[in-house]
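**Q** For chain A, the structure is supplied; the task is to place chain B on it using the hints.
Here the protein sequences come in this chain order: A and B. Taking full-length UniProt numbering as reference, the numbering of the first sequence is continuous, increasing by one, and the terminal residue is 393. Taking full-length UniProt numbering as reference, the numbering of the second sequence is continuous, increasing by one, and the terminal residue is 81.
Worth flagging that the hints you see were computed from the coordinates, not collected in a lab. Predicted model only: the values in this text are computed from it and were never measured. It is possible that part of the hints are untrue.
Only some residues are given here: those of chain B computed to face chain A with a beta carbon under 7 Å [unchecked claim]: (1) P20; (2) G36; (3) A47; (4) V50; (5) A54.
Label-pair ranges, simulated between beta-carbon atoms [to be verified]: (6) B:G65 to A:P136: 10 to 20 Å; (7) A:V126 to B:L15: 29 to 39 Å; (8) B:M58 to A:E371: 52 to 62 Å; (9) B:P31 to A:T291: 40 to 50 Å; (10) B:A60 to A:A386: 21 to 31 Å.
The beta carbon of each residue, even a glycine, is placed where N, CA and C say it ideally should be.
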Amino acid sequence: MRDPRQAGPIDRDENGVGAYFDAATATPLHPAAREALLAALGDGWADPGKLYTRARRARLLLDAARDTIAQVLGVRADELSFTSSGTTAVHAAVLGGLAGRRRTGPGFVRSAIEHSAVLHAGERHVRDGGTETEVPVDRLGRVDLDAWGAAVTAPGVALASLISASHEAGTVQPVAQAAARCRDAGVPLHVDAAMSLGRVPVPGGWSLLTGSARKWGGPAGVGLLVLRKGTRWVSPYPADDRESGRWPGAPDLPAILAAAASLHAVHEAAAKEGERLSALVEHVRATVAATVPDVEIVGDPVDRLPHVVTFSCLYVDGEALLTALDRRGFAVSSGSACTSSTLRPSHVLAAMGVLTHGNIRLSLHRDTTPEQVDRFLAELPGIVAALRAEVGM
Amino acid sequence: MSLPTGEPAEVLDCLGQRCPLPVIALARRLPQVPVGTVVRVLADDPAAAVDIPAWCRMRAQQYVGAASVDGAPAFDVRRVA
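Pulled out of the complex, with its shape left as it was, chain A reads as follows (with noise of 0.2 Å):
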């Protein structure tokens, strides 16, 4: 077997001059989140359940990183479980608060643009005998929020869902709106901050929380589940006295610690961070449009993350556009339907209503620099015309 230390940076091709644009997916470990895991690997690995010495030592540092990552989220620690991914922490969140309200009835309720996550909880309620209703988004990929109110009025309705801003079109939710109205109609609502933790603050009023540490720069592995106090949850899984009863398994102490210290250090740099890489998507999103016949820039231009951007463009093969930057040394994430193991579009595209062929998502992290940025922008068009060439447009 090949050793895989042998593989280069990710962010550099054989030239040197590629870059990674796919931090939506997974970022790039801080610095302060691979010198916690190195130290922790050393001495982080005794059970925090049990008595002895070594095991109370690993008991403070699990305490000690649930108190970081609380007082960045504003949460009292007892309020935060860690789970084993962001993933598993949606499933958690959206089948435990479903189960929590079972008397009250049995619809769930969440946008039309959630993370598959989501969607997947949601179908397995449905299978289980559960009603969903899907909010539509307009053209910016926003909820619709007289149809969210709607939706959450209606009687029955256990949970609802909705993400903080989507993670293929990067525009920002109205969570507090949406929280509002399912705080009238007497509904937990579940807010999934993958994408904006550590990076935008997210507003209140929700009753559970979900995140993933290596959308921030953390290990995979790490996902965050808040339940405020007096949210009704019941396990979805057999319960162990593990996490306050909320997730099962012995913690993966190392990564937990590398978590909490990344959150601290990319939260203290949120604000300047999200400054300059906002003014980046901004020259991608005028740049592209200036250079690039027929492209359509998907998402709200103003009330979006500040390292995310989409666009389609039209008569290009998005699975062909993807390769052909990655020779290039880029690596960026697509929506389009050849690009997905289902051969489907992205329901988030779908939703908006805006063209999913030939789309590109670039997320950009602390690493990017504006020189790689232009790099990026000086190929695009040259390749993007090849293509159309190819096929006679």
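**A** For chain B alone, coordinates are given in the frame of chain A:
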């Protein structure tokens, strides 16, 4: 099968074609028909249902609507520009 507004003048059979080929076929053909003409695109690629209306919006053509022809998805577009 019924249409919102009359029968199409022409049918482009793009069944079995993957995105973006049905849109490319439409973009090639529509400028060749007289203004006011309706062209129907038969396309079973899941992206066509989104991308054909999006193309009409971007190109200021009129998306008439979707229909089903012998079980195959059909999308009608009127040249208006």
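**Q** Take the hints in turn and mark each one as holding or not.
**A** Each hint tested on the structure:
no. : hint                        : result
1   : P20                         : holds (4 Å)
2   : G36                         : violated (24 Å)
3   : A47                         : holds (4 Å)
4   : V50                         : holds (5 Å)
5   : A54                         : holds (4 Å)
6   : B:G65 to A:P136: 10 to 20 Å : holds (18 Å)
7   : A:V126 to B:L15: 29 to 39 Å : holds (31 Å)
8   : B:M58 to A:E371: 52 to 62 Å : violated (32 Å)
9   : B:P31 to A:T291: 40 to 50 Å : violated (24 Å)
10  : B:A60 to A:A386: 21 to 31 Å : holds (27 Å)
Consistency note: the structure conflicts with the earlier hints numbered 2, 8 and 9.
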